[in-house]
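Build the full structure now, drawing on both the sequences and the hints.
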Amino acid sequence: MGAFFGDLTLGKTLYDKLWDAHVVRELPDGTCLLYIDRQLIHEVTSPQAFAGLRAAKRPLWRQDANLAVADHNVPTKDRAQGIADPTSRLQVETLDDNCRDFGVRLFSMADKRQGIVHVVGPEQGATLPGMTIVCGDSHTSTHGAFGALAHGIGTSEVEQVLATQCLLQKKARTMRVRLEGTPAAGVGAKDLALAVIGHIGTAGGTGHTIEFAGSAVAALSMEGRMTLCNMAIEAGARAGLVAVDDTTIAYLAGRPFAPRGALWDQAVSAWRDLRSDADARFDKEVAIDVTTLAPQVTYGTSPEMVAAVTARVPDPGTLADAVAAESLRAALRYMDLAPGTAMTDIPVDVIFIGSCTNARIEDLRAAARIVQGRRVAANVRRALVVPGSGLVKEAAEAEGLDRVFTEAGFEWRDAGCSMCLAMNADRLEPGERCASTSNRNFEGRQGAGGRTHLVSPAMAAAAAVAGHFVDVRTWM
Amino acid sequence: MERFERVEGLVAPLDRVNVDTDAIIPKQFLKAVGRSGFGENLFYHWRYREGAAGHVVPNPDFVLNEARYQGASILLARANFGCGSSREHAPWALSQYGFRVIIAPSFADIFYHNSLKNGLLPVVLPEADVDALFRAVEATAGYTLTVDLPAQCVREGEREVGRFAIDPFRKDCLLNGLDDIGWTLQHAAEIRDYETRRRAEAPWLFGREDGVPHE
Ligand code: SF4
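Chains as they are written, first to last, in this note's numbering: chain A, 1 to 476; chain B, 1001 to 1215.
Among these hints, one or two may not hold up.
[Said to hold, decoys possible] Below are the DSBU-like pairs computed for lysine-lysine, each with C-alpha atoms no more than 35 Å apart in a straight line:
hint, chain 1, residue 1, chain 2, residue 2
1, B, 1171, A, 112
2, A, 284, B, 1031
3, A, 12, B, 1031
4, A, 17, B, 1171
5, B, 1031, A, 171
6, A, 171, A, 284
7, A, 57, A, 171
Keep in mind that the hints were calculated from the coordinates and are not lab data.
Printed below as a string of structure tokens:
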């Protein structure tokens, strides 16, 4: 059959390959029972799932498939004193208890491997190419950078994976976003991600899995690819993907959870096939030339409200669509911005360098290069650097980055989600304006009444020094 | 899960695009370790404001606080409803408040699926139909609709005002109140077979039984 029908069969996309390898059973309507290789667990979306298992007296299906870490609620300073907020403390303790009772591997708050779940997984090699990976967190899309099918799930699904190692899913459509060209110095993966969202919109990828391809993606480090895939969810796609190449394999070699010896060689040869075939067709294709791309800054309350740092805040009056105009008007009211304001005239009160989008070693290096020998501006009230994991923190300290930051007037914190969503003590006060390397600028995301501008680590660092946004390309 | 067949109920309009899960249920309410008590905090920052002596009081300007929408079980919404995080607390909060159906031109994927798993029916109707419904709700006090899952349609009285699609499997689960875990465990042997096959093909995906990764 293969020889006869060969010419008629189209090649497979990377997504097709990953999907096909994990189908346990397919129902007549196309719903599939999909096998999950890895579940990452954190304290916020898992307590009700473990409670459900207990109530139904169900055991864990497969212990070694799970890895847990507390990240959303953990304090980023004075950690030895424990968690002050009793509800946060209860949630973290509940995770500890659940992991102990069910035999799930846990990096506790005191462990130096603790950190943001999406930083920890790849860093440990617990994220491997070809895997299906889930976590009760939408930014699970991050792990797609490794050629793994990774997406966020709800708590009922967390419980289902604990109990059955499977999910009931329907296949998504496929979309390829090609980023071509070499971006200018000072323009990084975060700018590419924001530019993609600006281009296709926050619902542009809904119902699709986005594969990021093109020369600009091939040139990115794994850290950069993770930043890009992390924000696929902000473009509406549950999962982002990047094909496996030498960069992927070099990153994984020697990681604690990665295979070793003969098994490593066997794995690498299988991973080499994890890319879309040349003749594969996608349901949607988008191409963006990034050669002339400027650093990006969001001005509204949705990541698609984004513009070049050289641009001005848009005028709702010029929008034809009434619903869009009204939502922009509401956003500018919330952000306290007048149409026509130059991005570079927007002053900032707070700087947050952190989150699963931009708290890896390369992000901290990019920020430190800008900060080196400079000082945080007088109008900036607080400037935080929150490494993505204890190991990122350790590596940064070994390079002396902590001193670069503290000498400039930044606070150097312990790992966690921190001000990305302000579930711990780190948050914006009402009305404060923040240059943030995180991924969501929703109303109140970083604290009730707080105003978030999403930017890259280099742009956040430059804003810290200047006291307002600047085109970091002019500082390179 | 509660069975879902037909809902006839009062409709409340929420005329905003991109309503995100942080707006539906803000993060300070995610610290709970139980599954209940989210309804009173639905749309917290829109629904309440600070009153005298730091007490929170209902915000009279928020649409769900208007007298005419009390007891609504159908929420009429705009595009990309439920975008943002994967928190299932969002559908929990909507259901516990009393909604059984949300009608919108589009939903964020994770929210859509989380809702179905909690007996909350997300109904996708074309933009023009949703526009017409917004006009009707605003024009008519006590406006009600019937959402008929077996027939996959929305009716105003006897008049059909929209038809919607839903996966047959999901429809079946809703109609019968079936949960995914029970269904999946009926196929436990197939899952074990898959694991045996997969372990032979890709042994690095499996650690040792005691949870320690292979060396
Ligand atoms: S860093 Fe922010 S986006 Fe990432 S997992 Fe934590 S809270 Fe979510």
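Quick rundown of the hints versus the structure:
1. B:1171 / A:112: Violated, at roughly 46 Å.
2. A:284 / B:1031: violated (39 Å)
3. A:12 / B:1031: violated (42 Å)
4. A:17 / B:1171: holds (28 Å)
5. B:1031 / A:171: holds (32 Å)
6. A:171 / A:284: holds (15 Å)
7. A:57 / A:171: holds (31 Å)
Hint compliance for this structure: hints 1, 2 and 3 are broken, all remaining hints hold.
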